[in-house]
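2 protein chains.
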Amino acid sequence: MTEELKELKRRLGVVSDLHNAEAVLSWDQQTYMPPKGAVPRSMQMATLGRLAHEHFISDDIGKLLDQVGSENGAHGYDSDEASLLRVTRRDYDKARRVPSAFVEELTRTASIGLEAWTQARMESNFKLFQPHLEKIVELEIQLANYLGYQDRIYDALLDEYEPGMTTRQVEQIFQPLKGELTALVNTLQKKSDAVNDAVLHDEYDEQQQWDFGIAVIKQIGFDFQSGRQDKSAHPFTTGFGIGDTRITTRVDKHFLPMMLFGTIHETGHALYDMGYRPELDRTPLAGGASLGVHESQSRLWENVVGRSRGFWKYWFPRLREVFPSQLADQDAESFYRAINKVAPSFIRVEADEVTYSLHIMLRFEIENMLVERKVKVVDVPELWNAKMKEYLGIVPPDDAQGCLQDIHWSYGSIGYFATYSLGSMFAVQLFEQAQREIPTLLQQIENGEYAELLGWLRKNLHAHGRKFTLDELAKRITGESLQSRSYVAYLKKKFGEIYGI
Amino acid sequence: MTEELKELKRRLGVVSDLHNAEAVLSWDQQTYMPPKGAVPRSMQMATLGRLAHEHFISDDIGKLLDQVGSENGAHGYDSDEASLLRVTRRDYDKARRVPSAFVEELTRTASIGLEAWTQARMESNFKLFQPHLEKIVELEIQLANYLGYQDRIYDALLDEYEPGMTTRQVEQIFQPLKGELTALVNTLQKKSDAVNDAVLHDEYDEQQQWDFGIAVIKQIGFDFQSGRQDKSAHPFTTGFGIGDTRITTRVDKHFLPMMLFGTIHETGHALYDMGYRPELDRTPLAGGASLGVHESQSRLWENVVGRSRGFWKYWFPRLREVFPSQLADQDAESFYRAINKVAPSFIRVEADEVTYSLHIMLRFEIENMLVERKVKVVDVPELWNAKMKEYLGIVPPDDAQGCLQDIHWSYGSIGYFATYSLGSMFAVQLFEQAQREIPTLLQQIENGEYAELLGWLRKNLHAHGRKFTLDELAKRITGESLQSRSYVAYLKKKFGEIYGI
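So the protein lines, in turn, are chains Z and G.
Everything in the first sequence is counted per my numbering, starting at 24 for the first residue and increasing by one.
Everything in the second sequence is counted per my numbering, starting at 24 for the first residue and increasing by one.
Honestly, the hints are just simulated from the structure, not real lab data.
From a predicted model like this one, the values you see are computed outputs, not experimental measurements.
A hint or two may mislead.
Same chains, same label: a pair holds when it works inside one copy or across any pair of copies.
[To be verified] Listed next, the in silico DSS-like pairs over lysine-lysine satisfying Cα-Cα at most 27 Å (straight line): (1) Lys-241 / Lys-254; (2) Lys-59 / Lys-254; (3) Lys-32 / Lys-517; (4) Lys-29 / Lys-59.
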């Protein structure tokens, strides 16, 4: 390693330490911080964020990137060195394009917007949020112009969350999917009585739920030497370096899936964060490739594995040992059906596997229209409800259950939503490939064995950290780009069978 | 406020944010961090510490101090402005005197020393620690030479923990105290059967202990909107700005005082940290004046209030409601006696109020001899045991219970111990003054009312943050410098009565 590369890595290590420290403060804020700690905490986090940004966009880093880059022609695209330079350069150029004063304005606007949204949602009063969303949309348009784009303005925003992916690509994936999903929802709705999920709403002791969840994720492979689980209002995964990944969950005494699938979902994220090669730690290559790829891991474990028949063949008897009276009249099959009930609903985060992506398409379309100025913020509620009617056949009774339900826009996050669906699709595409390469995979899942699947994901995906884009990973691992074909087939097969179609 | 003062405060705010962030990381490390998080965490904390140091000792801060100082003649000594300049200048000049490379060497040595000490104490093998302690002593001598001193080399080290206090002053306070305490211990030892504390070693449910402790400190005034309590191996208090103060405790099922008095002790520290005027936040004036003054607050609540007869007149009936069978044959008086049993013992942190300061004097004397090169590290165990014999009449069976018991030296902390005793003394001196100014104070304590005492401490002490030294505070509040007279009188009266002398 040259002196320049060493110096580059030293400086990137400082940036990484600052980001990790900020993440610890954020974790604490969402888990244990007392209420009056909020004000000093926001200042501490702002300082860490600002210092990390300043250290990263320094001219020195630019010079080192140039110097190391020119000496580094000998290394292949996949090598740690070439990848470090490529990904750091990408991050660096993007970070340099946005003026610090603008970042501060966006942060400030988002912080006020978040507060206004909280109030607006509580009162279900879109008017309270409207002026803030208007300002946020204008700033996001400005951000896109700073970042630059070739084709569509939305490309610049999407790229923040899903590097390399374009709006047109997403549309090409979503377009056929929309027809398939609305048709499937329609068909399943006609047999909505075929699945009864009342058992999930019985009373389940919170501590027993917690303990069961811990047992499940331990067996999946969550390493409690390198992580822990705590409670928070909104579940999330975060990490502070290779040896310390944290997940949170929430427990609802009267709704078993809340904790259970929330915990498995976050574990999927955590396994990804725990799995990059230690050599990548404290560099921009540490972590996950993109939000979409991250979501593929949470959805793979939560849905493709966690809501599968084989999974519950193993776990249902164990769950019934914990809750014998509540599950007395159930068996693995009835429980499997209950956790896979499909029903159009208003709230995205509570949606089933079939309707979920329709919620996403709606948001993706509205976001595009907003930044292309094809719709005004004031008209969002009406547009939202019209699309809900069109895609899911239902109309929210108020905006709290409609266009005010998600936090993302309020904190200045436009371009994020699509990654949830891309992740769901990629999860299925990956799992299909894993089945090809591990012929006994389904049998292993029925036996409660996950080590080979996890090992396969580690080797093919997790180990690479941020080296590759979603498209690069899809091609490397499955031989083709991300596609919705496998996802649609998976949904049709699984739910067709459950609903007897 | 001039532009220069604003800029100075802005820069000091960044330093404060970095220190607070480091404190959050340290708190997490000691409470919730998974084992494998240790390595990345140490790097993150080192980065934050280094950046805070670099930002603080920058030439810019020096220039701003000069500029603001020259314009600031109009403000009185006690004013926020003059105090900010005075205290920041003191910190700044000291920080600039020590080369960064030396600080790094000390940190590295301490980190290795801590590991060696942990092993040495576990095996009770001083030889394992000896070479590390030798290096640490040499570095501390070097540190003292960097910092500078007028009279005794130990002054420079003591000043790190108790600004403005000299070795000679401490000796003048300790000298008469030593005779009084050894005599008192001797006298009490002759009647050692007069107090039976077996009840404290009964079995007490841990959760019930925890809940009782929370009830006690809430009533004392710990604000759970601005703080919280967690568990850790070694109890401590930390804070991350004016709205967020954390304490930790530990619970022993078979030793009630562990949690109870530990919790009250840390609450004393926390109330001090919660009490400075908010205007001082994010400046070097935030926090406590010194370790000695901090300890005065923990000891005041733990011992002077918490181990008083009046305190238990109120709390004993409530404790017996929680533990009716364990406390069936006790009353407030017998319980009060039990928690005040005096007995020479090997371990400082478990010592009673009477013997405690003798443990301290021993350490203070040995530290002085070490840095004055009057004793070699290799001879410390023998010297320790000889002094234990002389002051307490007992000799530790091994070094784990002797000179290896405390962590301080291992991490390069020489000059710290005296502050524990200075704090114990100051606690009594303060409480005497409070009694003069609040005539019904003892009655209030019998009624479980602490608001007036806390208000008095807030107004006279806490509010000032780091503005004044221990000596300045003692004179302002009690009209005289720190003295041991009140402390000796308090101990003689309290324990003379308990032991019927």
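Right, here's what the structure says about each hint:
no. : hint              : verdict
1   : Lys-241 / Lys-254 : both (17 Å within a copy, 24 Å between copies)
2   : Lys-59 / Lys-254  : both (19 Å within a copy, 21 Å between copies)
3   : Lys-32 / Lys-517  : neither (47 Å within a copy, 63 Å between copies)
4   : Lys-29 / Lys-59   : between (42 Å within a copy, 25 Å between copies)
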